[in-house]
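The listed protein sequences derive, respectively, from chains A and B.
Read left to right, the first sequence gives residues 107 to 411 (this note's numbering).
Read left to right, the second sequence gives residues 3 to 86 (this note's numbering).
Hints may be right or wrong, so weigh each one.
[Claimed, not checked] In the DSSO-like style, the derived pairs of lysine-lysine whose C-alpha atoms are separated by at most 30 Å in a straight line are:
{"id": "1", "chain 1": "B", "residue 1": "Lys46", "chain 2": "A", "residue 2": "Lys273"}
{"id": "2", "chain 1": "A", "residue 1": "Lys249", "chain 2": "B", "residue 2": "Lys46"}
{"id": "3", "chain 1": "B", "residue 1": "Lys20", "chain 2": "A", "residue 2": "Lys388"}
{"id": "4", "chain 1": "A", "residue 1": "Lys249", "chain 2": "B", "residue 2": "Lys20"}
{"id": "5", "chain 1": "A", "residue 1": "Lys184", "chain 2": "B", "residue 2": "Lys46"}
{"id": "6", "chain 1": "A", "residue 1": "Lys249", "chain 2": "B", "residue 2": "Lys23"}
{"id": "7", "chain 1": "B", "residue 1": "Lys28", "chain 2": "A", "residue 2": "Lys201"}
{"id": "8", "chain 1": "A", "residue 1": "Lys201", "chain 2": "B", "residue 2": "Lys20"}
{"id": "9", "chain 1": "B", "residue 1": "Lys77", "chain 2": "B", "residue 2": "Lys7"}
In short, the hints are calculated from the structure, not lab data.
Small disclaimer: the values here were computed from a predicted structure and weren't measured.
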Amino acid sequence: MYDLIIAGGGPAGVAAGVYAARKKMKTLVVTDSFGGQSLVSADIQNWIGTKNISGFELAQNLEGHLRAQEGIEILNDKVVEVFKSEGGSFRVGVKGGKNFETKAFLICSGSRRRRLGIPGEDRLDGKGVAFCSTCDAPIFSGKMVAVVGGGNAGLEAAVDLLPYATKIYLLEKMGFLRGDAVTEERLRADSKINIMTEVESVEVMGDNFVSGLKYRDLKTGEEKNLSVEGLFVEIGSVPNSDFVKDLVELNKFGEIVADPRTQASSVSGIWAVGDVSDGLYKQNNIAAGDAVKAVLNIQEYLNKF
Amino acid sequence: MIEKKVLIYTTPTCVYCKMSKDFFAKNGVAYEEKNVVADEAARKEMVDKSHQLGVPVIDIGGEIIVGFNREELEKALGLGGAGR
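So here's chain B without its partners, still in its complex pose:
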């Protein structure tokens, strides 16, 4: 099962962040969320990890994924296409 720690950096208005969180919910993935608008330290952390300025940034056990990409998320989480 999924044991990797999942962390998502978001802005409240970002639709791809919502789609990522929907994906986690549908697949029973527990995650921590950091709102980079409210939390300046989280914004810096996100930029340091991803070397870029777009959301969402998703940290799956140290693997960094930028944007919502179903296939990449499935691979990183070891879901094998079960969420499709």
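Just chain A, with the same shape it has in the complex:
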């Protein structure tokens, strides 16, 4: 029987693991990767205490910090199911087939990329439809591309593409961009960028590779085509809460409802932290801090278990 099982290896999962180890809780961290969604960031400039760091390096630091803790167990796997057991504990099942009993369960499973859900997107995935601009931007050297999404992720994808693409269309549904003003100013100053607001993607065109994007002008209702060979999708994320959807309360976005004072979910013995929870802001620093808050609350819970 574990005191605590932590699902996830992003900033939240690692922060929780470090604190749990220092409190000498019998802890198992289940994760198939470290670093969370920032893993693919080229340069993180707001991780407090570090001027700048790549997502890859941050992931390595997080993993190193967790592995340095005495007594912590780490399983390279993924939690796929959770059941209530007799006596107030939980049975946690992982993809590899094993089951573990725990008194407390902390969900730090983060979120995954949202897809457009339009025709052509799945069929042309990897064939011009791309989800990692830091990885794949250079391959679109000399080509015209579109970025869908006017939040920070979309703006940063456009920045990644600037040195390579000949033309970048940045499409946003709303009437304005929603990212950092610093990045927006940089993009607006570049003649390669064409910012298109109040437009909606309709279909990804192409036979073997992407050849265009059909979109709708939301002001006129008119459908038009962009001739592009690349399409970078940056329209936010979906919480990884599927494995507890029948157990804990979720909000309409699928995020786990958590008490902001303690991160406790609707079920006693289960906590949720970071992007999978209904916290207002999705940030590495917040995820780490909220995880610490949860572990301190879990300690009080275990004392009374």
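Assemble the complex: chain A is given as a structure, and chain B must be docked to it using the hints.
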């Protein structure tokens, strides 16, 4: 032991390329690397082999793997989970 020729197509900024190379290093797998940003012929070769535009593309004795997938790499290299 591993006798298959291993070739990886990369971009310098791609974290999954780094993770793949880390995996090779940890498992003592010798590999050749082609940077598809600097080398246009390599980019064309990569697209022809994988019919897609994402990195990394890994060619293990003719078997093509797209992206970093530990299990697939272990299987293709015959490592049997030793790297975990």
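To see whether the hints hold, each was checked on the structure:
The straight-line distance between the Cα atoms of Lys46/B and Lys273/A is roughly 21 Å, inside the 30 Å bound, and the hint therefore holds. Between Lys249/A and Lys46/B the alpha-carbon distance is near 14 Å, which keeps this suggested pair within the 30 Å criterion. Pair hint Lys20/B plus Lys388/A holds up; C-alpha atoms about 26 Å apart against a cutoff of 30 Å. Annotation: proposed proximity of Lys249/A to Lys20/B holds, straight-line Cα distance about 25 Å (limit 30 Å).
A C-alpha spacing of about 36 Å is found between Lys184/A and Lys46/B, which places the hinted pair above 30 Å, so the restraint is violated. At most 30 Å may separate the alpha-carbon atoms for a hinted pair to count; Lys249/A and Lys23/B meet this at roughly 28 Å. Between Lys28/B and Lys201/A the CA atoms are separated by roughly 24 Å; this keeps the pair inside 30 Å, and the hint holds. Distance hint between Lys201/A and Lys20/B is fulfilled; the C-alpha atoms sit about 26 Å from each other, no more than 30 Å.
Using a Cα cut-off of 30 Å, the hinted pair Lys77/B and Lys7/B holds, with the two alpha carbons roughly 15 Å apart.
Of the numbered hints given earlier, the model fails hint 5 alone.
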